[in-house]
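2 protein chains.
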Amino acid sequence: MSYIKIPSHLVPSDPQGSDLLALEREKATFNVKELTLALYGSKELEKDNRILKILENDPVFDKSNLYFMGRTELFENALRKDKRLVQLIKEHKWNMEEIQAAVSFIDLPGPYGLHRGMFIPTIFGQGTEEQKKKFLIPALKYEIIGCYAQTELGHGSNVQGLETTATYIPETDEFEINSPYLTASKWWIGGLGRTANHAIVMAQLKSNGKDYGPHPFIIQIRDLETHQPLPGITVGDIGPKFGYNATDNGFMLFDHVRIPRFNMLSKFSQIKKGTGEYISPPNDKLSYGTMVFIRAMIVTSVRTSLARAATIAIRYSAVRRQFVDKDQPKKSKDGRIVETSVLDYTMQQYRLFPVIAQAYACFYTAKAMIDLYMKYLKQSSSGDFSLLADLHASSSGLKSLTTTMAVDSIEECRRACGGHGYSNFGGFLLKTFREVVSNKNPEIYASQSKKNPTLTYILDYINNPNQVCNATTSLDFKNNELQLRAFGHRAAYLIANAVDQIDNQNKSWNSMLIEVNRISRAHCQYLLVKNFITAIQEQPQPITDEKLRILHSSPALKKVMESVCNLFVLHTMEKEIGEFFECRFITDSEAKLLRTQVYDLLQEIRPNAVSLVDAFNIPEFVLQSALGRYDGKVYETMIDWASKEPLNGITLDVNPNSEVLFRNKNKAKL
Amino acid sequence: MSYIKIPSHLVPSDPQGSDLLALEREKATFNVKELTLALYGSKELEKDNRILKILENDPVFDKSNLYFMGRTELFENALRKDKRLVQLIKEHKWNMEEIQAAVSFIDLPGPYGLHRGMFIPTIFGQGTEEQKKKFLIPALKYEIIGCYAQTELGHGSNVQGLETTATYIPETDEFEINSPYLTASKWWIGGLGRTANHAIVMAQLKSNGKDYGPHPFIIQIRDLETHQPLPGITVGDIGPKFGYNATDNGFMLFDHVRIPRFNMLSKFSQIKKGTGEYISPPNDKLSYGTMVFIRAMIVTSVRTSLARAATIAIRYSAVRRQFVDKDQPKKSKDGRIVETSVLDYTMQQYRLFPVIAQAYACFYTAKAMIDLYMKYLKQSSSGDFSLLADLHASSSGLKSLTTTMAVDSIEECRRACGGHGYSNFGGFLLKTFREVVSNKNPEIYASQSKKNPTLTYILDYINNPNQVCNATTSLDFKNNELQLRAFGHRAAYLIANAVDQIDNQNKSWNSMLIEVNRISRAHCQYLLVKNFITAIQEQPQPITDEKLRILHSSPALKKVMESVCNLFVLHTMEKEIGEFFECRFITDSEAKLLRTQVYDLLQEIRPNAVSLVDAFNIPEFVLQSALGRYDGKVYETMIDWASKEPLNGITLDVNPNSEVLFRNKNKAKL
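One line per chain: the protein sequences are A and B, in this order.
The numbering of the first sequence is my numbering, which starts it at 1 and goes up by one.
The numbering of the second sequence is my numbering, which starts it at 1 and goes up by one.
Be a bit skeptical, because a hint or two may be false.
Copies of the same chain are indistinguishable here, so a pair counts whether it falls within one copy or spans any two.
Below, a list of computed lysine to any residue pairs in the SDA-like style, where the Cα atoms sit at most 20 Å apart [stated by the list, open to error]:
{"#": "1", "residue 1": "K132", "residue 2": "K210"}
{"#": "2", "residue 1": "K326", "residue 2": "N479"}
{"#": "3", "residue 1": "K507", "residue 2": "Y599"}
{"#": "4", "residue 1": "K547", "residue 2": "Y630"}
{"#": "5", "residue 1": "K507", "residue 2": "S589"}
{"#": "6", "residue 1": "K331", "residue 2": "G161"}
{"#": "7", "residue 1": "K592", "residue 2": "V499"}
{"#": "8", "residue 1": "K326", "residue 2": "N158"}
Derived by calculation from the structure, the hints in this document are not laboratory data.
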């Protein structure tokens, strides 16, 4: 598919990328395969390899032209892949985890994504047995394709403010679905634009003149034969976006559309036939679970994004050379002075190594969050919801902190146009703090504090609000106990400070939002630090978890992970140093020691940089990066891909006075 | 061009966006038109309006389908616009500034951009009179189209390391241009991919077996009739990029291509006919000027990007409402409680108002840099290059700081794959510091320090290295003298510290790069702060500059700009608080006062937020934003644009077992 012939005798100037990466890999102090195993576990790796092989060998999943596709072509490509995926799922009888692995390898969220990810799980979780029979069974067979329509043009985060209405009509035992305003239009709904023929629609339930808030309804929206919208329904794609252009995010307006009463998802609440009486759910916390789980899963996907970015940047920086370091010039095998790999520049290390460290930190916090969620599931099934508040607060905060950390950062203004997703969070921590302070007998918390890390640091702070760092050498900063103390003290200080402003200075909630944001950040950084340290610290024997067992049975692995953990903790501390000063934990001379230790850690990690990203084990099929290739053939790939750019098949007429733009509309190919 | 009919009776729910923006505009404490005039001056505004009117009324410059175009379509569109622009330039006899205005309104950097921006100016600046006759005249008539080919696949920032060679062949009085390696391929060259038929090529000059470093050569690369590459030349487009996809950035390899000796640009250095003797340039600083000017212009383009982003986000935040503020619920005209504009949330203000302040800060630093450049031009023409080092250092640092500030920030890894463009910088500051310290009689610097702000703060630091903030109330932070002292002290402290590490602790240059980066940041923030403060402080009478005269003749304008300046200074200080702690300038209780003042400034600015962005005067033709419309019709525009998405003309076959993807390949339109 090349349009241009690249002279085949040319090679990159020496040293070759493949040789440079080989040298890097020789320097590693640990076994890469062992670390990969300690990250994913043997079962997950076996599954991933099996599924990857199937996808790589199927021409439908070829990715070689993706970068050249416009939106329509990309969407068509994604639909083809989604169809093939459905066939493979059936053929290989893949379970949820296997499907998830395939989706992440295909890496092109497409038209059926929300059918699988939201439509089916919502009916499963909130439908009655009769509703499952009617909708879930055909959905699982893809006889009907659904989506989940919650957000509207005028409402994102504030679900209570949705404008679409569902009014019960007792005469016909139906609901009337209506969009009273333009702003009521459903908006951003994945799979709705061109694909779905059914939708779960969140609408304000009204019966007998009363409002009962947003409830879910299943609505058929397109004809199963013609695929045209049903009467009263205006539906379409919302247009191009920054990313996710292979998915048809859609909008939808209802003009007094009638649906049977049966179509309100009724596992938790319902409307009685004829009377229109509302029967409320037994426990309104029940519906929270899924949301919390999805947020916890976000840390997992952040870990993947960070690992991917780090892999590309580290490998490329090892291959890319620029300038000669005059203090320490590098020499090639034949003794010539050559340019220095940019990975050897401290500034580059300072930028990139923390990204490696953040990716590893997310591995351990993702694990901790999923463990916590499993514990909650078990407890909640016997009516104990005590973990919910913590889970809700931590997962919201971590979603925000880790995604921000991962994009490092979406342009401030574009982000500011989004929601205020985590403003609930500070409230929970402030409440916990007040409870502990007002209780005359703090010992009752001491026993609980073993389970609840938030309580631990709040108690520590109350017992010793004037705690200080007390470091005398830069090595002191490698002490895990000091590290935990630092992050706990800072978070507790910010909470205490905010409580004081609200209780004693009568500050309004709105005026406290910036403080609440700082608290959320501090608390979530504490969690990331704590989860990482916990994973690499001495474990109670015997170690039942396979991944931890592998990690702790190899001194080399443990050592490199200690370096990575230290870098994550201390680099984060350095970035947030202002707050550690403000809570008087650290002095200016200690801050210098801290910085020295960060620089030392960069040197400590340098020999392992490439191997640490190799351990993430991201297949070329997923990376699709000329810069981040495992074999280091950066430049060869760049020019090979360029030769395939479709523009290269077009010859221009560059005379400004000629109306002809392209001389050959039909592109010439080699 | 709509594919979907949107019900015409629907409107957004109350209050309407247009009413909300009208209310915002009523609250302004100053005259918007006056501020616009104080920002741009009457001449520039007149010119902009005149040119905008011409472009808006020409159908070729229509932008309504840009968001839906794939790369090939976009490139074709840009070529059409570039051709029309050439015709308009001729028709209206536009000068450089008028052309620049048109280009920025068209806002789609296209195929001829580098012909105008680099090819022509380089021949003009570095060609002999004969070379100008041969190449400049046809270039100005667009009979030949050129580009500027410097960077290569293997070399970006390190120009000295370029691999393309130009070897003088005395026998034929020619140069032989060659690409010995794949990495020697020219890369990223704007306009080269499909458009240019000539290129200025930077290549390593070799003569009589000696190397003379990179020099510029003019090379014809495509046939003027057929537009096919000439023999020995492999050339093409490098493929899609994040942005600039309407430009054909290209690559090029030479296989022993011969060109006449005449084609080496020879104003400054040349090769003698036959002997191959090299005649070196009289002063190697001469070629620096343009680069410095281009960097200074970058601050101007950053100011525009920031202003655009702020305009969109502020207007949208005034229209967008979400949640009811329970402490202070808003009411509509008819007394109903309505949701709060997100612009009223302190967290949103904390995110967005600093962006307004940064945009204004860049206005004044762009002006100061261009003034400094003009002064340098005047001095250098009489052989005085004393300003060059400062201009070079400041423009490099500001390029880095302000672009980073503007994107706030490009993802760390992607950025890290780029160059190390500003590592020269710290060197200059360290040298100045050493000179001042080692000189026994610092008074000789006192007189110079009035002209050189760097000297001012270094002298202050040496005289008083233990300077402190000494604030007792939050109002003290509004004191301009304190603000300048703070930023100067911090920059000088970092420089002193780095000098100490290099001189007394024998640190290598590479190990200091992170410190150098901190110094660059601190120094450039000092410049931004100083230039803003200087512009709004008491001026010597009479004020000759029109913009400053307008600003200072209206107390209302001056007052609002003081708030904006204070926010810029103090928000920057808060973000960098760790360094102000480290140099012992500020204490933890003073930091709290500082934060209080930042919050107070948000309230002070709130009523003027919309008018402050209105004053940027960015035409709808440029904004092209549904969210940032002047009239507040956000939701109406969103859905109108969505209805035009080409995917909406396509009907799918969603059955996963059917091989049909799109049922109608020819899209149906309304």
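So which of those numbered hints doesn't the model satisfy? Going through the list in order, the structure violates hints 1, 2, 4 and respects the others.
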